[in-house]
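Peer 1: Construct the entire structure; sequences and hints are all you get.
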Amino acid sequence: VWALFGSLLWILVLVAIFWYPFDFQLDRTFLRERLLLFERVPFYSYYYGTEFRAVTELLHKTLFFLPLGAILAFGRVRMPLSAARTIYRLLAFGILFAVPFGIELGQIALPEKNPSTTDLLLEITGGCIGYFGLLSARRRAQPGD
Numbered sequence: 001v002w003a004l005f006g007s008l009l010w011i012l013v014l015v016a017i018f019w020y021p022f023d024f025q026l027d028r029t030f031l032r033e034r035l036l037l038f039e040r041v042p043f044y045s046y047y048y049g050t051e052f053r054a055v056t057e058l059l060h061k062t063l064f065f066l067p068l069g070a071i072l073a074f075g076r077v078r079m080p081l082s083a084a085r086t087i088y089r090l091l092a093f094g095i096l097f098a099v100p101f102g103i104e105l106g107q108i109a110l111p112e113k114n115p116s117t118t119d120l121l122l123e124i125t126g127g128c129i130g131y132f133g134l135l136s137a138r139r140r141a142q143p144g145d
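Per the numbering used here, the sequence shown starts with residue 1, numbered consecutively.
Quick caveat, the hints were computed from the structure, so don't treat them as lab data. Among the clues, some could well be false.
[To be verified] Distance ranges between label pairs, derived from CB positions:
{"id": "1", "residue 1": "L26", "residue 2": "V77", "range": "15 to 23 Å"}
{"id": "2", "residue 1": "F5", "residue 2": "P42", "range": "27 to 35 Å"}
{"id": "3", "residue 1": "L8", "residue 2": "F38", "range": "20 to 28 Å"}
{"id": "4", "residue 1": "L36", "residue 2": "A84", "range": "38 to 46 Å"}
{"id": "5", "residue 1": "A54", "residue 2": "F97", "range": "29 to 37 Å"}
[Said to hold, decoys possible] No more than 20 Å apart at the CA atoms, straight line, and that leaves these computed lysine to aspartate or glutamate pairs for EDC-like:
{"id": "6", "residue 1": "K113", "residue 2": "D23"}
{"id": "7", "residue 1": "K113", "residue 2": "D27"}
{"id": "8", "residue 1": "K113", "residue 2": "E33"}
{"id": "9", "residue 1": "K113", "residue 2": "E57"}
{"id": "10", "residue 1": "K113", "residue 2": "E39"}
We treat Cβ as the ideally placed atom computed from N, Cα and C, and that holds for glycine.
Peer 2: Here's what the structure looks like:
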């Protein structure tokens, strides 16, 4: 339960980071134009920017979501093998996919932000790296478990 609470706190941090300054524009034509950004080929904006900017954004997106996956995985390792553990795993993956999707959808209404499928993929990847990385590290630390 505390892992879900911890993940909720980290989600609030992520929302604060990725949605600041919270000046949502809800004009229909603006939103329609912004939705077209999702039709771009993944990594389009990274290709046309500088290499430094591409690496910075790649690390920014993945590393900010890594703790979310790790927090959720830490909650799973504390649970005994059971149906509850399976349900928790499904819930954790739902969170790891829904949070980046929600953040990118919210960025559609933020004029200063650039929502994209690339960011969505990198954020999901960061969360999954955190989740599976913590589980892998734990297995190596406790091989008898």
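Peer 1: Taking the hints in turn, state whether each one holds.
Peer 2: Results for each hint:
Against the hinted window of 15 to 23 Å, the Cβ-Cβ separation of L26 and V77 comes to about 42 Å, which falls outside the hint. A C-beta distance of roughly 33 Å is found between F5 and P42, which places it inside the suggested range of 27 to 35 Å. Evaluation of the 20 to 28 Å hint for L8 and F38 yields a pass: the beta carbon distance comes to about 27 Å. A hinted range of 38 to 46 Å holds for the C-beta pair L36 and A84, which are about 43 Å apart.
At about 24 Å, the beta-carbon gap between A54 and F97 misses the expected band of 29 to 37 Å. Proximity of K113 to D23 is assessed by CA-CA distance (about 10 Å); at most 20 Å being required, the pair is judged to hold. A hinted pair counts as satisfied when its Cα atoms are at most 20 Å apart, and K113 with D27 qualifies at roughly 16 Å. Among the hinted pairs, K113 with E33 is consistent with the structure: their alpha-carbon atoms are about 13 Å apart, no more than 20 Å.
As the CA atoms of K113 and E57 are separated by approximately 13 Å, the hinted pair is consistent with the 20 Å bound. A threshold of 20 Å between alpha carbons decides the hint, and for K113 with E39 the separation of about 16 Å falls inside it, so the pair holds.
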